[in-house]
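K.L.:
In the UniProt record's numbering, the protein residues as written are 1 to 279.
Just so you know, the hints here were simulated from the structure itself, not pulled from any lab data. One should not assume that every hint holds.
What the hints assert, rightly or not - Cβ pair distances, simulated, as ranges:
1) His206 to Val16: 47 to 57 Å
2) Val16 to Val255: 31 to 41 Å
3) Pro253 to Asp101: 20 to 30 Å
4) Arg269 to Arg137: 26 to 36 Å
5) Pro260 to Lys135: 25 to 35 Å
6) Thr108 to Gly48: 46 to 56 Å
7) Ser267 to Arg19: 34 to 44 Å
Glycine included, each C-beta is placed from N, C-alpha and C at the ideal position.
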Amino acid sequence: MPELPEVETIARGVAVSVRGERVESVWLSGRKQTLNSPPRAIARTLEGARIDDVHRVGKHIVFELSRGGDVPPPKKEQSAPHPQFIVHLGMTGSLTVVPADKETAKHTHAVLKLSSGRELRFVDPRMFGKLAIAKDRFRAPGHEPLDVGAEAFAALFKRTKAPIKSALLNQKLLSGVGNIYADEALFRARVRPRRRGTTLTHAELHKLFEALQAVLNESIKAGGTTFSDYVDAQGEWGNYQFDLRVYGREDEPCVRCKTPIKRIVISGRSAHYCRKCQS
DNA sequence: ATACCGACCTGTCAGC
DNA sequence: TGCTGACAGGTCGGTA
């Protein structure tokens with residue numbers, strides 16, 4: 001489900017709701033595939049911890065934890081940085097902060113009881129999402145799409161032989177771009193998804209860089225894209241689905257030239273483009 | 001080293 | 001109505 005703009009929207013919403021809260025207890029569904037750390041480590045790290053902040057790294061949501069007010073840590077751990085709680089939403093994950101008496105949704109895999117009496121709930125029907133604990137300074141494998149410079153961006157794709165569409169989805173290059181925004185950025189830059197990175201000119205790479213920044217920033221402003229089930233921390237829908245120009249518009253007329261939008265499959269993912277506008 | 005492919009899961013929708 | 005197959009916003013490990 002969620003790509004960078006959706007994850008950013010959720011992280012901001014969750015941050016406003018839970019900053020400063022203490023985690024009183026943790027319940028996990030026990031489904032192992034939803035966890036990337038042992039359940040005991042997750043419970044032990046979270047219980048009693050204070051949530052200092054919540055932010056996005058790539059497609060991950062990072063909770064910064066501390067134990068302020070507790071007994072000071074033993075000396076050897078003095079320099080140990082604060083642990084982090086990492087949430088990846090996969091395709092269908094959602095994270096909401098709700099009153100404790102709200103009915104528990106099907107496919108709920110984690111519930112954090114907060115000091116305010118509310119609960120932070122992780123729901124994920126397809127179980128592609130993951131919960132984990134990081135020791136400190138969690139890093140995404142690739143560059144942040146909104147922080148990378150134009151030259152670094154160009155260099156990244158200039159040396160990859162894969163179709164540019166696949167390269168944009170490769171989280172080791174850029175962390176945060178998914179299927180929707182890859183298609184949208186390629187359309188705006190007028191680049192065909194099957195073009196190999198090595199064949200792109202510097203001008204094309206530069207246009208692609210600008211296009212990607214634009215679609216991501218515009219979508220964050222709109223609160224992300226809602227297709228079926230995505231909602232932010234407050235349960236609100238995003239609005240960027242109304243601004244999509246190619247994604248999900250197979251056979252509909254191109255907004256620029258009226259040619260029907262094509263859908264093809266590139267390494268197992270659908271790619272949408274205009275065969276006239278994108279060369 | 002690089003690049004595809006299936007697998008991991010459940011839900012929904014179109015077509016028969 | 002109900003079955004079947006295709007498809008879905010993501011990522012991983014195995015294989016060529």
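K.L.:
So, for every hint listed, does it hold in this structure?
P.N.:
Structure-based check of each hint:
Distance hint check: the CB atoms of His206 and Val16 are about 36 Å apart, inconsistent with the given range 47 to 57 Å. For the pair Val16 and Val255, the supplied restraint of 31 to 41 Å holds, since their beta-carbon distance comes to about 35 Å. About 49 Å separates the C-beta atoms of Pro253 and Asp101, a value inconsistent with the hinted range of 20 to 30 Å. A beta carbon spacing of about 31 Å between Arg269 and Arg137 agrees with the range 26 to 36 Å that was offered as a hint.
The hinted range of 25 to 35 Å is not satisfied by Pro260 and Lys135, whose Cβ atoms lie roughly 51 Å apart. Roughly 22 Å separates the CB atoms of Thr108 and Gly48, a value that falls outside the hinted 46 to 56 Å. Remark: the range hint 34 to 44 Å for Ser267 to Arg19 is upheld by a beta-carbon distance near 40 Å.
Consistency note: the structure conflicts with the earlier hints numbered 1, 3, 5, 6.
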